[in-house]
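One letter stands for each residue in the lines below.
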Amino acid sequence: MISPFLRILGKPGGYRMLLGGLLVFLLALVTITGTYWTRFKPDEMDFEHPLVPPKSAWLTRLTTTADGRKALMESHQNAAPSTSSSSVTEEGDDLLGALKEEEHPPTEASTAKVEFSALRDHGHVLGTDKNGRDMIALLVAGARSCFLPGLVACAVALGIGVPLGLFAGFYEGRWRMFARIFNGTLLSMPRMVLILVVICVLEPNVYITMAVLGATLIPRVSELIATRVRILSGMGFILAAKEGGLGDFRILTRHLFWYQNRAVFFIQFSLIMAESILTETTLSYLQFGTKPPDVSWGNIIEGSRLTFFSGQYWITFFPAVAIIMAILGFFYLGDGLNARLAYREGR
Amino acid sequence: MLRNALRSLVFFLGCLLLVSAAIFCLVHLTPGNIAEIHNLSPQTAHVLHLDRSLPVQYLLWLGNCLRLDFGISTVDGTPVFALLRDYAPTTLFLTFGSLFFSLLIAIPIGMYRGLKPLARLGKALSVVVYTLSSIPAFVLGYVVLAVAFGVFHSYITTPPEGPFHFWKWTAYYLPPILVLALGNGSLGEFVRFISLEAQNVDAAMFIKAARARGVSLWPHFLRSLILPVFNIAVTNIAVLLGGLVVVERVFNFHGLGWLSWEATLKRDFPVIMGITLLMAVVVRVLMLLNELLSTWIDPRLRQ
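Protein chains in written order, with the working numbering: chain A, 1 to 347; chain B, 1001 to 1303.
Pulled out of the complex, with its shape left as it was, chain A reads as follows (with noise of 0.2 Å):
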């Protein structure tokens, strides 16, 4: 079952292809199926464990400081007189053991013992935020709000990239004249500033952001599309079909776009997923794509500004890696692809 996938590898760019489709296809299934299995909602908070760290001894010590340890436990210690004292609850004030515990290690091992058990009862297996809402939840939120995007920026690269790659290489004239003063009109200006450009002017929601970026993206897919068509359409079996009475449009949809230039298409779709991503998280992070009550990655990071620097980084950490994950996912899917399509095209 699993032998064509490993086959894959002996191919060129294989190792790429494969480990971005599984990137790809995790991503994917935890958008889809990510609110069917993850224990909270990104909306919940759990207002008695705020800021709690991730669960396991390991992932705590990787995501925090000596320093931050120490200002959460502080931090609990001050919190737990002030709170309605007789609701102070059990868990809390194993938790604070824990802390105190970890403060004076007798051992290693029996240190994240204590940690483990005290931090089990709570069901934050990556730990929570500064207002108590689950990291867990929060990612799988943020996955559903970069791929959606993401996908409405494809379909305006891609729906008129192509088309009009296809026209500029195919009839050449007018149609090329067009399409190079159009590209050249939008390469000429920085695409985040102009979509800065576009969300200072008009205030939009994430998906007329997300058109815009698509829209910065024609130049790319039109120009690539062009030179291969105008190549292409000096060959002989371009020459054959017209000869053979084929409509342009036939010629163009079918023979110069499908049977020739579909590779390039899938290729661009994953590139263009992948800068999506990073432009959506990145806008997220500058408080312009996603807002504050919808999750994006970026705006999670943008939010743990103060904690990173207190030294509770997990907010920070597991974000940064989704994103990471995400992006090389459909940059080595697509780079794969390409290096593949380079070969079987001899080049």
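Hints may be right or wrong, so weigh each one.
Computed from the model, here is a short list of chain B residues facing chain A with C-beta under 7 Å [as the list claims (entries may be wrong)]:
hint, residue
1, Cys1015
2, Thr1030
3, Ser1134
4, Ile1135
5, Phe1138
6, Pro1163
7, Val1215
8, Val1245
9, Arg1267
Part of the chain A face toward chain B, derived, beta carbon under 10 Å [unchecked claim]:
hint, residue
10, Thr65
11, Thr185
12, Pro190
13, Arg191
14, Ile277
15, Tyr285
16, Ile327
17, Tyr332
Just so you know, these hints were derived from the structure itself, not from any lab. Note that beta-carbon positions come from the ideal geometry of N, C-alpha and C, so glycine has one too.
Mind docking chain B on chain A? Use the hints.
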């Protein structure tokens, strides 16, 4: 030659005109009146020509821009030109610094990868480079900050004052420059492009001839690689300028990227229009120079 130059010049002017028209339309054709959005009095609106028809407004705006008068900020009334003048040096420094560093890293790796495509080290290096360059700039910025705080227990947050002091300047400017050079997607692009070019040059007849004559190959290689490298650097300026918005925000640098972020947050239309126009002009001028220079240096491109 002259015909080509004229054609590039016309293209340059046309693009800039279209860019300015696009920015103007974007700002003025939006739902809602600018005077109402910013609560301007009729007098102020009259001074800003907001009560004229749109084409007249566009021509007035364009004419003023040609005289370097980009209007005044709607937030605090500072002339936009003064703002641009104050914020541009930081941006200039960051842009060219990061361009220098990414070329410094990319040229050796790209050459090695292009000349020895099967070498393990080259493959590993290029994987590292691609991975680095697909990490978002702000995540990489956080990593750098974490290292600065965690390992060195400090990060200088104010610009160094007084006379030039090497270590102070390095400590302040190097982190954002490195983040911009490594993590903005341009490094991967550079390496890919340079390795392709090196491969092409390696297969060219004049290199074969030089090899047959037994002379040193480096002058030939470098001479034919200068133009492509300049080319890719110019085409990546736009990407770098875009990445500045993020890097300046993470590291709290007050440059044009920071200014555009702040203008967007405060909905300061003249400022963001000025920044976009300035960046478009810079990008277009560099591209024009690139075209003219390459046709001047390389006779093969004259047709």
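**Request:** Please name the hints from earlier in the document that this structure breaks, with their numbers sorted from lowest to highest.
**Result:** 6, 7
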